[in-house]
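Student: For the record, the sequence lines run as chains L and D.
My numbering numbers the first residue of the first sequence as 6 and each following residue consecutively.
My numbering numbers the first residue of the second sequence as 7 and each following residue consecutively.
Don't take every hint at face value.
Lysine-lysine pairs mimicking DSS-like chemistry, simulated, CA-CA at most 25 Å apart [claimed, not checked]:
id, chain 1, residue 1, chain 2, residue 2
1, D, Lys-202, L, Lys-60
2, D, Lys-35, L, Lys-60
3, L, Lys-65, D, Lys-27
Source of the hints: derived by calculation from the structure; they are not laboratory data.
Nothing here was measured: the structure is a model prediction, and the numbers come from that model.
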Amino acid sequence: MKSYEEIKEIKDKFERGEIAEEDIDQETQEEIMKMYKEEIEDIREDILVLREENKMYEEKIEELKNNMKK
Amino acid sequence: MGKLNEAKNMKPEYQDILEEKKNINDQNKEIFKKVVIENNKDKLVEDNKDLENCKTLGQYKSARDMAAKNRKALQERNEKLKKKFGKFVAASALIVMLTVGARVALRNKQNNTIDNNNQPVYSEKIPGEQVQQSPGEAELETETVKGGGSYKPAESPHDISSESTLKEKGADYTESKTTTGTAKNDVSVQSEESKKDIEQQKQEIEQRKQETGTTVKEHEGGTTTIKVEDKKEVKKNEEKNKVDHSYGEAEEEKGQKVEKVTSEEQKKAANKVTEKAPEKAQEEAQKKPIEASDPELDALEALTRTRSDDGMER
Numbered sequence: 006m007k008s009y010e011e012i013k014e015i016k017d018k019f020e021r022g023e024i025a026e027e028d029i030d031q032e033t034q035e036e037i038m039k040m041y042k043e044e045i046e047d048i049r050e051d052i053l054v055l056r057e058e059n060k061m062y063e064e065k066i067e068e069l070k071n072n073m074k075k
Numbered sequence: 007m008g009k010l011n012e013a014k015n016m017k018p019e020y021q022d023i024l025e026e027k028k029n030i031n032d033q034n035k036e037i038f039k040k041v042v043i044e045n046n047k048d049k050l051v052e053d054n055k056d057l058e059n060c061k062t063l064g065q066y067k068s069a070r071d072m073a074a075k076n077r078k079a080l081q082e083r084n085e086k087l088k089k090k091f092g093k094f095v096a097a098s099a100l101i102v103m104l105t106v107g108a109r110v111a112l113r114n115k116q117n118n119t120i121d122n123n124n125q126p127v128y129s130e131k132i133p134g135e136q137v138q139q140s141p142g143e144a145e146l147e148t149e150t151v152k153g154g155g156s157y158k159p160a161e162s163p164h165d166i167s168s169e170s171t172l173k174e175k176g177a178d179y180t181e182s183k184t185t186t187g188t189a190k191n192d193v194s195v196q197s198e199e200s201k202k203d204i205e206q207q208k209q210e211i212e213q214r215k216q217e218t219g220t221t222v223k224e225h226e227g228g229t230t231t232i233k234v235e236d237k238k239e240v241k242k243n244e245e246k247n248k249v250d251h252s253y254g255e256a257e258e259e260k261g262q263k264v265e266k267v268t269s270e271e272q273k274k275a276a277n278k279v280t281e282k283a284p285e286k287a288q289e290e291a292q293k294k295p296i297e298a299s300d301p302e303l304d305a306l307e308a309l310t311r312t313r314s315d316d317g318m319e320r
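Turn these sequences into a full structure, and let the hints guide you.
Tutor: Below is the structure:
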């Protein structure tokens with residue numbers, strides 16, 4: 006079994022196109038798939054937070070606009 | 007030195023405060039993130055189920071790249087919204103400061119314009135109030151209009167409304183942007199014309215004086231009228247006056263003569279009285295219509311009369 010560092014190094018090589026998918030063994034591929042899944046989940050969480058934040062800023066700007074009109 | 011040490015001691019405290027503030031912001035962000043994730047947990051689970059459809063490393067990679075791209079776009083939008091929000095906050099703060107400043111200035115103005123009775127003094131013009139003007143301005147403000155009487159020019163020199171109305175009414179007037187200048191010119195022209203007229207009248211009067219006669223000034227209700235009379239008529243009047251005067255003088259002379267005659271007679275009589283005997287004097291005195299009974303007194307009176315008539319004093 007490969008360590009987290011070794012799997013991450015193989016993943017970086019795959020992303021840079023240095024190693025093809027077929028050259029990576031099945032166990033390492035599954036570990037890399039898990040890492041991608043966690044990354045995507047984190048990104049989706051960030052996206053949700055950013056959307057909420059943007060929504061909040063838009064609402065505040067509208068409030069200020071209304072106050073300035075008054 | 008004490009202050010420098012205080013500053014040195016204050017600086018790490020200030021840095022600690024800044025770090026605490028940053029930590030609080032991070033904590034708030036984490037709390038916000040957790041709250042958002044908790045609220046959208048079901049949606050996230052549904053979205054993550056789609057990842058089960060990904061079977062190869064390439065599919066996972068493309069899904070992650072797409073999610074990262076979306077996140078990047080949202081982050082850019084978030085930055086823009088933050089900047090916009092900061093600008094709006096600054097603008098609203100500026101507006102608030104301006105309004106507050108204006109109110110304070112107004113209050114200060116009102117406080118400064120309080121009279122001795124603690125009553126606010128308003129410098130605004132009351133409608134219908136007459137404003138005092140210097141005599142020069144008052145003269146220049148009314149402008150004469152040919153055939154249309156006089157009109158008051160508008161407050162602003164470029165106000166065409168009054169001019170247009172006059173044009174519509176058919177009044178003939180001289181267009182001018184600066185009303186004061188034209189008024190000045192009109193006044194000067196009028197004064198020059200009047201001066202010329204007066205000079206002409208004076209010259210005519212002097213000519214008449216030289217040709218015909220003298221001038222006589224008559225005052226009638228404050229106005230002086232100069233009359234020219236012929237020398238002949240004046241001479242006649244003077245002669246008349248002379249004749250009358252001479253007539254009076256002659257009468258006076260006659261009277262004097264009569265009086266003188268009487269005085270001479272009285273003198274002679276007095277002399278006679280003095281020369282003649284007292285008996286004759288008494289007789290003459292008795293002849294005169296004198297009511298006095300005492301002959302001596304009568305003689306004395308006669309004497310005094312003659313002396314007073316002569317003006318002689320003994």
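Student: Give a verdict on every hint.
Tutor: Consistency of the hints with the structure:
1. Lys-202(D) - Lys-60(L): Roughly 89 Å between the alpha carbons, so the hint for Lys-202(D) and Lys-60(L) is violated.
2. Lys-35(D) - Lys-60(L): 15 Å, holds
3. Lys-65(L) - Lys-27(D): At roughly 22 Å apart (the allowed maximum being 25 Å), Lys-27(D) and Lys-65(L) satisfy the hint.
When the structure is compared with the earlier hints, a violation turns up for hint 1 alone.
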